[in-house]
Each structure stands twice: as C-alpha cells, then as structure tokens.
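A.B. asks: Below, each chain spelled out in residue letters.
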Amino acid sequence: MSAPPRLQEAQPRRVNLPDRAWTVVLTVLGLAVLGVAAIIIAELLRIGGPALRHTGLVAFVTTSIWDVTRDVFGAAPFIYGTLVTSIVALLIALPVSLGLALFLTEMAPASVRSIVSFPIALLAGIPSVVHGLWGLFVLVPILRHLIEPLLANTLGFLPLFQGPQIGLGYLAAGVILAVMILPTITSIAIEVLQTVPGSLREAALALGATRWEAIRTAVLPYARAGIVGASMLGLGRALGETMAVTMVIGNSPTIRASLFAPGYTLPAVIANEFAEASGEMHTSALAALGLLLFAVTVGLNIAARLLVRMSRRGPARVAA
Amino acid sequence: MKRRFINGLMTALCGLALLLALVPLVSLLWLVISHGFKGLSWDFFTQLPAPVGETGGGVANAIAGTLYIVGIACLIGVPLGVGAGVFLAERGDTPVGDAIRFTAEVLSGVPSIVVGIVAYGLVVLPMRRFSALAGGVALAVLMVPTLARSTEELVRLVPGALREASLALGVPQWRTSLRVVLRTALGGIMTAILLGVARAAGETAPLLFTALNNQYWNWRADQPTASLTVQIFNYAVSPYQDWHDKAWSAALVLLLLVGTLSLGGRLLSRSRVR
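So the protein lines, in turn, are chains A and B.
Just so you know, our numbering puts 1446 at position 189 of the first sequence, and the rest follows in order with no gaps.
Just so you know, our numbering puts 200 at position 196 of the second sequence, and the rest follows in order with no gaps.
Worth flagging that the hints you see were computed from the coordinates, not collected in a lab.
As the structure is a computational prediction, the values presented were derived from the model and not from experiment.
All C-beta atoms, glycine included, are put in the ideal place defined by N, C-alpha and C.
Treat the hints with care, as some may be off.
From chain A, some residues computed to sit far from chain B (all C-beta separations above 10 Å) [to be verified]: (1) T1326; (2) R1327; (3) A1532.
Here are some of the chain A residues that sit facing chain B, going by a computed Cβ distance under 7 Å [what the hints assert, rightly or not]: (4) V1290; (5) L1302; (6) L1357; (7) S1374; (8) A1381; (9) P1384; (10) A1461; (11) L1462; (12) A1463; (13) L1464; (14) W1469; (15) V1553; (16) N1558.
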C-alpha cells in the first residue's frame, strides 16, 4: 500500500483535511482495541485489588477456606477444580479432535470434508448454557448410572475413581468441556495440517510408507508446534468456560482426589456468587478470581498464538 | 502385513473420532428439539413468565430482552470493531498495527465472565444498579476483537485495482475507503456482524451480574433486563419439573434465534460472493 501516500502529496491541501480526519478516526478506532485491553486490566486490578491486599496473593491462591462472612478468601479449591476439569477435558478432546482433523484432512475424500465441516461449525456455535442444560439432564444421569459404576468397577483401585457416584462433579464438567472445546481444537488443527506441504507427504508415500506412516513420520512432526498451540487454545477456552460447568460441577468448594466428587471452578464461583455478593470485600475477592483467570488465559493464549503463527510459517524450530 | 494392519487400524480410529464428535451434537440437537417442542405455544412467545406454582406463561420478555441487550451491544461494538478492522487493513502495516492485531487475537480468548466483571465495574458500580446497558457493554467488548479481525481480512480482499481506480479519478482517500472499499466488503462485513450477534445472543455468563434478570417487560436501558440465556439457566437449575420443561423450550427458541442469525449470515456472504 505505497501508492496512496504519493497521491496524497499530489493533491491540494484542502482535500487533505478530510483525509487527515479520516486517518485520525481510523487510528482512534484501532487504538481503541488496545484501550479495551487496558481497561480490562485496570478494572480487574481496581475491583480485585482490595481483596488481594487484604489476603495477600500467596495466601489467596494457596489456602482453601472460602468463608465470605469472615472475609476469609482461599481460592485453592477453585483453582484445583478449574485445572482438573480442564485437564480431563483436554485428555478427552485432544485425541478425538486430532483424529477427526487427520481424518478430514488426510484420509476422507473432499466431499466428506465439506459435509462434516458444517456440523462442527454448528457445534461451535451452540450456546454454553444449552450445553449445560444437556449436561445436567442427559450427561449427568448417564455418568451416574452407567459410566461412573463402570469406571469404579474396572479402575476403582485408583483414587481418581472412588467414592459416591452422583454424576455431578469434576468428571461431568470435564466431559462437557471436552465436547465444547472439540470444535476449537479441531478447526485449528485442520488449519495447521493444511499448511503441511504436499511434497513431504508425497515423499513419504513414494518411499513406500503407508498413509498412517506418512502421517506419523512426515505430517505430524511438521505440524507439532501448531497442534500444541491448538490444544493450548482449547485449554484456554476450557479454563474460562462458565455456564455449562456451573450447571454440572456440583458447586462444592472442596479439594477431592476423586473425579466423581463435586467441586467448584473459578468461573463457576464468580457466576454463582457475584450478583449476590455479601459486601464490597466479597465482590473484590470474586474480581480477584477473575483477574487470576484473566492472567492465566491471556498467558496461555499468547503462547498458543505464537506457536500457531510459528508453525504456519513453516517447519518451526520448536518442531524440529 | 502388520504395517497395513496398523494403517487400517489408525484410519478406523480416526473415523471413529468423527462418530464420537457427532454423538453429543446429534443427541443435544435431538433432545432440545424433542423436549423443547412440546412447550412451544403462542403464549410462550407472548406472555410473561408465570410465578412459581402456576402453569403457563412464556418468555416473551426474555426474547425481547436478549434482542434489546444485543442491540445495545451492536451500537457500541459494531462501529468499534469494523473501524478497528478497517484501520488494520488500511493503516495496519506498522508495529502498532501488529500490536493491535495480536491484542485482538488474545482478547478473543478472554473468558466472557471476566468481561462481565469489567462491565460491572464500568457501568453497574457507577450507576449503582444492574442494567441492560451494562449487559450491552459486556457483549460489545466480546464482539469487538473478532469483528475487527474478520473486517480486516474482508477489507484486504478488496482488489487493489478498485481502490487505485477510485484514487486515480481524484476521489479523496476517505471517500474511497467508505464508498468503494467498505462498500465492496459490505456483504462480508454484514456476515461477520451477524455471526458476532449470534455469538453475543448466546452468551450467559457476562449477563448474570450486568443485565441480571427481570420477570417483567423492560425497555429502559438503566434497568435490569431479562435475557433468554439467563432465563434458561435459572429454569434449568430450579427444582421444578415445569421450569425444566420451560428451560428446554427456551433453549429451542435460543437455538432457532442463533441458528437463523448465523445461517442468514452465511447465506448473505454466499449470495454476495457469487
């Protein structure tokens, strides 16, 4: 875009004035994006600050008693619940979405790809609260009567799968999150896989590799950084996902080893308590939870975007 | 033989992944339609919610509230998002542009509930009450990053020759931007806006403590306002069977609304591209 400035110089001055104004308007609107980011950080610090100062950052994230009537704020159960549910979600969603992405880009004919891409986009567009409704009335009963007894009978020696099987809890939240982040990971993985040069694949096939061997030896190593980035973006979504989790997590501010147990997550406690906070300090503590969530998701997002960018550019150094 | 077997096995597993991904989708859609359809009636679209214990009633105020809040969000978010996108496309090949682009990408990953807290601080605290405006601000903040990114891509698709032809005819830059470039990209931008609106209409978390909820009609921007999504949530977590049924019906209405918006958006872009 080097032509317009030269034209600008050739024009008389009075024509330039509206052009300058237009540039100023556009620049202001563009900078507004940075402004929005700054406002988000400033507001979270302003509202969440008092509770953080009151409790101390270390105590806030490491202690586990949440008693709003005495202004005691320990966020550990929420952090634990957020991490456990998101990790469960990623463990379920990553293999499925990677398999799906490979199937659609490497194995299936183009017609299947175009047919399937629509329901995947559809899944991504379903509002979170509807996922929650489905989770509460469909998934939770299935977990309680079918999946959890099955897991307890086969893998019950692990502390992960012990205790009462009530359906609501970490496992339910993890599964519903997996369903929700699946389209995210799949679509980015497809994008990444499509940047793998055909010549790599063809070279492997020409050397006598089967299709799977070509994928394993040529395609996946090339796309590794991008796939890691895709899972990090999925993880970021899972960490911040609110409604569906709030409806199936069981809302119990405790730390339990069992995936069957009810728990609590950062977004869920904000969603449940914010509107009816018992005082300014309580509101502030909830905003501090939001600040924590913001910091973690933004960090993950920055790292993930950089990875996806690098892998789009070609065989990234990190992938080698 | 073993290699062929592994190849077949992995292909089958990847195909299985497709089935696994489709199961929850099909189940969800089927149940929302089958459970939700029973409760749909003229009353459901025109009546206020019935008090606990009474049957009947509808979610008319919640449907209107969702449209109202999303409308406010558009008034704030569309100019900001589209403007930022045009800036990125036309003046964005600078370090500042890169920074804005990256910020927009990262902002689109910020959890919506966090944005709710920000809107609470910006609007609810100073006004000392929950309001449709606060909900609109929250949804607008959620719309801007995605809209900016897609507008940029769409504006960049406009052929340089069009722009140059307009400039060569002596049309000033601002008119070229508005009348030629933006106009050419308009179909695509409308699609992006509709998709953004569809996403915003499905948001619940940022409305819980900004627009709150309301059992009655409200058309004032400074008053608590009902929304379909918050209503579904309240109905779903209630202990009443009748409210559970209403939650499914409201979810069907929400899906129809969101689906129509995004389908409309996609059709629009298809007819424009030709």
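A.B. asks: Against this structure, judge whether each hint is valid.
C.D. replies: Going down the list of hints, with the structure as the test:
With a minimum CB-CB distance of about 20 Å to chain B, T1326/A clears the 10 Å threshold, and the non-interface call stands. At roughly 23 Å from the closest C-beta of chain B, the C-beta of R1327/A stays outside 10 Å, upholding its exclusion from the interface. The non-interface label for A1532/A is inconsistent with chain B: the shortest C-beta to C-beta separation is roughly 4 Å, within 10 Å. Hint status for V1290/A relative to chain B: holds, with the closest Cβ pair at about 5 Å, below 7 Å.
Given hint, L1302/A at the interface with chain B, is violated; its Cβ is 10 Å from that chain's nearest Cβ, farther than 7 Å. Using the Cβ-Cβ criterion of 7 Å, the hint placing L1357/A at the interface with chain B is satisfied: the shortest such distance is roughly 4 Å. With a cut of 7 Å, the hint placing S1374/A at the interface with chain B is violated, because the nearest CB-to-CB distance is about 11 Å. For the restraint placing A1381/A at the interface with chain B, the shortest Cβ-Cβ distance is roughly 10 Å, beyond the 7 Å limit, so the hint is violated.
A hinted interface residue such as P1384/A counts as satisfied when its beta carbon comes closer than 7 Å to some beta carbon of chain B; here the least separation is about 3 Å, so the hint holds. With 7 Å as the threshold, the beta carbon of A1461/A stays out of range of chain B, its nearest partner Cβ sitting at about 12 Å, so the hint is violated. The restraint placing L1462/A at the interface with chain B is violated, with a minimum CB-CB distance near 11 Å, outside the 7 Å limit. Residue-level restraint check for A1463/A is violated (minimum Cβ-Cβ distance to chain B is 16 Å; threshold 7 Å).
The interface hint given for L1464/A is broken, as the beta carbon of that residue sits about 13 Å from the closest beta carbon of chain B, more than 7 Å. Because the smallest distance between the Cβ of W1469/A and any Cβ of chain B comes to about 4 Å, under 7 Å, the interface hint for this residue holds. The restraint placing V1553/A at the interface with chain B is violated, with a minimum CB-CB distance near 10 Å, outside the 7 Å limit. A hinted interface residue such as N1558/A counts as satisfied when its beta carbon comes closer than 7 Å to some beta carbon of chain B; here the least separation is about 4 Å, so the hint holds.
Figure legend: structure checked against the earlier numbered hints; hints not met, in rising order: 3, 5, 7, 8, 10, 11, 12, 13 and 15.
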